[in-house]
Amino acid sequence: MNAINTDALSAERQAFAELAKDFSAKKLFENREEHDRYPFAELITDAIRDAGVVGFYGVNLPADFGGVGMNAGMVAVILEKISEIDASLAGILFSNAAALEILKAAAESAGETGIYTAIKTLGTAPIAFPMYDSPDEINPVMLSKDGGTIFFGKICNFACGNIADYAVVPVRKKEGHPYSYYLVDLNDKGVTKSAPLVTLGLHGCPMVDISIEKTPALLIGKEGEGALYFRAMQDRMSLCVAAMLLGIMKGSLKDAFQYTNDRYQGGRQIIDWPLVRMMLANMALDAKAAEAILSMACQELDAGVHGWEQTAQAAAIHAAELAVRATADGVQLFGGNGYTKDYPQEKRLRDARQAANLLGMIPLRKVNYIARIIEEMA
Amino acid sequence: MKPYRISKKEKLSLLSNRPRIEEVYNGLECQHRIASNTHKDVETAIAIGRKFNNEVIRPIALEIDRKCMEDHNYLPHEFVRKAADWGLFSLFLPKMFGGGGLNFYAIYPFMEEISSSCAGLGHIVNVHYCGVATLFPSMNMNVITTVFRDVVKSERQGKPRLCTIVVTEPESGTDSQEPLLNQYSKATSNVKRVKGGYIVNGKKIFISSGHLSYWHIANFFEDKSDKLGSWIQFAVPNGTKGFSFGTHENKMGQLACCASELLFDDCFIPNKLISARALDPEFKDSEKGPRWVCHTIVDHVTGSSRTGTAAISTGIARNAYETALEYARKKRVAGELLINHQWAQIILSDMYRNVNMSRTVYMESAATLALRGLFKLLFIKPIHHFIKIMPRWYFTLLTPIMKSRLATWAMRQFYFHRYPTEERNAASGWGSACKYTCSDLGVINSNLAIDLMGGDGIRHDHMAEKCFRDIKLQQIYESTNQVNQMNMFYCLIGSGIPEVEYFK
Chain S
1 MNAINTDALS AERQAFAELA KDFSAKKLFE NREEHDRYPF AELITDAIRD
51 AGVVGFYGVN LPADFGGVGM NAGMVAVILE KISEIDASLA GILFSNAAAL
101 EILKAAAESA GETGIYTAIK TLGTAPIAFP MYDSPDEINP VMLSKDGGTI
151 FFGKICNFAC GNIADYAVVP VRKKEGHPYS YYLVDLNDKG VTKSAPLVTL
201 GLHGCPMVDI SIEKTPALLI GKEGEGALYF RAMQDRMSLC VAAMLLGIMK
251 GSLKDAFQYT NDRYQGGRQI IDWPLVRMML ANMALDAKAA EAILSMACQE
301 LDAGVHGWEQ TAQAAAIHAA ELAVRATADG VQLFGGNGYT KDYPQEKRLR
351 DARQAANLLG MIPLRKVNYI ARIIEEMA
Chain G
1001 MKPYRISKKE KLSLLSNRPR IEEVYNGLEC QHRIASNTHK DVETAIAIGR
1051 KFNNEVIRPI ALEIDRKCME DHNYLPHEFV RKAADWGLFS LFLPKMFGGG
1101 GLNFYAIYPF MEEISSSCAG LGHIVNVHYC GVATLFPSMN MNVITTVFRD
1151 VVKSERQGKP RLCTIVVTEP ESGTDSQEPL LNQYSKATSN VKRVKGGYIV
1201 NGKKIFISSG HLSYWHIANF FEDKSDKLGS WIQFAVPNGT KGFSFGTHEN
1251 KMGQLACCAS ELLFDDCFIP NKLISARALD PEFKDSEKGP RWVCHTIVDH
1301 VTGSSRTGTA AISTGIARNA YETALEYARK KRVAGELLIN HQWAQIILSD
1351 MYRNVNMSRT VYMESAATLA LRGLFKLLFI KPIHHFIKIM PRWYFTLLTP
1401 IMKSRLATWA MRQFYFHRYP TEERNAASGW GSACKYTCSD LGVINSNLAI
1451 DLMGGDGIRH DHMAEKCFRD IKLQQIYEST NQVNQMNMFY CLIGSGIPEV
1501 EYFK
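As given, the protein sequences belong to chains S and G, one line each in that order.
Quick note: the first sequence uses my numbering, first residue 1, plus one each step.
Quick note: the second sequence uses my numbering, first residue 1001, plus one each step.
Don't read these hints as lab results, they were simulated from the structure.
Treat the hints with care, since some could be wrong.
Just a sample of chain S residues kept apart from chain G, beta carbon distances all over 12 Å, derived [as the list claims (entries may be wrong)]: (1) Val-54; (2) Ala-118; (3) Lys-173; (4) Thr-199; (5) Asp-329; (6) Gln-345.
Derived coverage of chain S by chain G (criterion: at least 3 residues anywhere in the stretch with Cβ under 8 Å from a Cβ of chain G; other residues may be distant) [to be verified]: (7) 99 to 112; (8) 363 to 375.
Quick list of the computed label-pair ranges, beta carbon to beta carbon [as the list claims (entries may be wrong)]: (9) G:Pro-1420 x S:Asn-261: 39 to 47 Å; (10) S:Ser-194 x G:Ile-1346: 31 to 39 Å; (11) G:Gly-1158 x S:Asn-261: 50 to 58 Å; (12) G:Leu-1263 x S:Gln-299: 56 to 64 Å; (13) S:Ser-109 x G:Glu-1336: 24 to 32 Å; (14) S:Thr-192 x G:Lys-1186: 54 to 62 Å; (15) S:Ala-41 x G:Glu-1336: 38 to 46 Å; (16) G:Tyr-1074 x S:Thr-192: 27 to 35 Å; (17) S:Thr-121 x G:Tyr-1074: 35 to 43 Å.
All residues carry an ideal CB built from backbone N, CA and C; glycine is no exception.
Use the sequences and the hints to build the structure in full.
Take a look at the structure:
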């Protein structure tokens, strides 16, 4: 099963889903535990590069600019497949897709697409994006008076900041002013990157703090419309958050079935203990519930159903809770072995917990979710 | 007679119904049954823990954790020496063995304290007492005195010799610690009786702090067809011929405290280091039989060690709470200080509640242990006062008596042969109850901290992610929470229901 029923997918979409499955099996499965040691071991640079070769960085990029021209639902299908094996690369694809969604929202709003041409590696390499924090949680960097240069500022928790050439950055003119998004060349001499941060999960998706001083920056869309673009991106990328979490859950459940079949305790296969079956049942139910709501959100997006955004956000927020619980049980079913890095379960728990934080802190997302419903009711 | 007036007979009759006072009100019972100065040790232990946190653990907690990630072979020997300088490895050993003599009621708040700054480093101290609590229930006063006095002496010399508990094997995890499942254990280690001792072959895994310890309190089965009835325990010191360390696990959290492999290759252990043996006539021919005795020893160990596990979980839950609180005081979200958002205040309230509910549960378990479990002898008022009053040199003079067979006989009479099953069940049941309750609450708090801290919550340098990694272990070790649920059912629910069957 996919996040979206494969029968309902077009041939092209199915081909991408299969490609993602094969790619993760060939490029990510082997040495998964070793790759998880970054920043204390090598980064998965081959996989990051090859993901560009097969077109994963251009899935939601308009066809006019060399992309596939599909929506975030298709990105979600790919992320789910990859996350089942190793969610780190999915994190990198997420950062890139989120940045592209900001560009898309800006292009639709301003009717101006010139920004795409400024990105030389468009569709072939990831774009960096502060994907764990909503702009409400960070202090956007400040713009100089002439409007073309970022005066100063620091943004923490920048995903892909040390491997990407470009970043999409929230910027403010003055304290208290609405923010805008700007494109920044990360190779500019005014950009300083911290050493790679040690994080809870998604170790193969590097994160750094970035300081920017007197650096040229290109406005994305219209001045002061950052919040609108963020909201549009958050709606669409919520599908991808849910998909990553679903993939991680499925991987955890699959390995839990295998392990509980192989492991004997108390004189029988542990899968034959009723208590173990109850835990497997809870995991399976959690995964099924996440799949159902994600599938519904994807279908609503495709059909243009009014209110699909609420379903998408509900999918992401709910899947976060389900995935953290299910992957914790995935560790528990392995006992002491589950806590070691010789098995993939502890990584899945860490990855799920980190992916749950995508697009901003969960309580704030809930507060904004209900505020939006109240706003619409009014 | 007015309805609220009640005769003594009727009152006793009503109180004999479940839940009985001796089962669920041990905290209350302690108020009159243990010495009134007991709380002083608790306060001292908390103060020492806090000072140790401020001066030793907190400044290095994240640095050591990161070092362990970077270099798997790194072991925090320097920290062990520092803890020894503070006398922490003998602080809770009774004065009769030359120890600091703080009572065992105080050890659990102490464990909470040092785990609230770093569960990994704290665990190095905590698991030493877990080893102590593994040896102590053997009630072999000769071995106990030898080991404990060696711990005290080595600590004073600046070359600390820690204790650790050795049970798990590659194919025998959960079932090796659960008396009702022991018979199915696929433990592959072998012990063979030879002249003057035993030859041991096999591998033990997940031995907390193994590489940092000296005295390994190792548990095996002599007869594969009757495991519980043939249980045997040795105190194995480093340097024993045929004993060596293997690797240590690459794990998710509590990185400072290694989980070691111990290898026994034709390892000869002399009779003098056998602390308990089920097949000895004393147990084998006893009225209750060797299985009951071994079940009791296991429950003495787990009842006390699981309460410690619960205290550690409470410490981690507290670390998560305190980290989130400090963060909320500084972080601005949507233009407001995070702590001034009502939803954040509610999350912090939940976290505070979880910490304090957690502490209440493990302290109730500690009270049960003091009145009915492993520590009950030491809390009998005259004994408590006698030990408090008499100077250490007095007990040093008594060492030959302490090591005598008479002492072992007397202790085993008290803790085994005349020890009621009901007390065992209360102590063991509460150990399990607090173990799985506190670890679950700790997991909730770690999640809430990351929820509240957002993108910063997943960074190593902000501590919350470390709490998340550290707490997960608490649901697994000292038997998984699921096995603890079953043990609690066995001890506190099923024990009064004759038709009930277990592990079906």
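Comparing the hints with the structure gives:
For Val-54 (chain S), the shortest C-beta to C-beta distance to chain G comes to about 29 Å, beyond the 12 Å cut-off, and the non-interface label holds. Listed as a non-interface residue, Ala-118 (chain S) keeps its Cβ farther than 12 Å from every Cβ of chain G; the least gap is roughly 27 Å. Lys-173 (chain S), annotated as away from the interface, keeps every beta carbon of chain G farther than 12 Å; the closest lies near 16 Å. Here Thr-199 (chain S) does not stay apart from chain G, with its beta-carbon only about 5 Å from theirs, under the 12 Å limit.
Its closest Cβ contact with chain G, about 10 Å, brings Asp-329 (chain S) to no more than 12 Å, contrary to its assignment away from the interface. Not every C-beta of chain G lies more than 12 Å from that of Gln-345 (chain S), the closest at about 9 Å, which undercuts listing it as non-interface. Coverage of the segment 99 to 112 of chain S by chain G is violated in this model, with 0 residues showing a Cβ closer than 8 Å to a Cβ of that chain against a need of three. Against chain G, the segment 363 to 375 of chain S contributes 4 residues with a C-beta closer than 8 Å to a partner C-beta. That satisfies the three-residue criterion, and the hint holds.
Range check, Pro-1420 (chain G) to Asn-261 (chain S): Cβ separation about 42 Å, and the 39 to 47 Å hint holds. One distance hint, 31 to 39 Å for the beta-carbon pair Ser-194 (chain S) and Ile-1346 (chain G), holds here, with the actual separation near 33 Å. The given range of 50 to 58 Å is respected by Gly-1158 (chain G) and Asn-261 (chain S), whose C-beta atoms sit roughly 51 Å from each other. At about 57 Å, the beta-carbon gap between Leu-1263 (chain G) and Gln-299 (chain S) stays in the expected band of 56 to 64 Å.
Here the CB-CB span from Ser-109 (chain S) to Glu-1336 (chain G) is close to 28 Å, well matched to the stated 24 to 32 Å. A beta carbon spacing of about 57 Å between Thr-192 (chain S) and Lys-1186 (chain G) agrees with the range 54 to 62 Å that was offered as a hint. Restraint check, Ala-41 (chain S) to Glu-1336 (chain G): a C-beta distance of roughly 41 Å satisfies the suggested window 38 to 46 Å. Between Tyr-1074 (chain G) and Thr-192 (chain S), the C-beta spacing of about 30 Å keeps the proposed range 27 to 35 Å intact.
Taken as a hint, the range 35 to 43 Å holds for the pair Thr-121 (chain S) and Tyr-1074 (chain G), whose Cβ atoms sit roughly 39 Å apart.
Of the numbered hints listed earlier, those contradicted by the structure are 4, 5, 6, 7.
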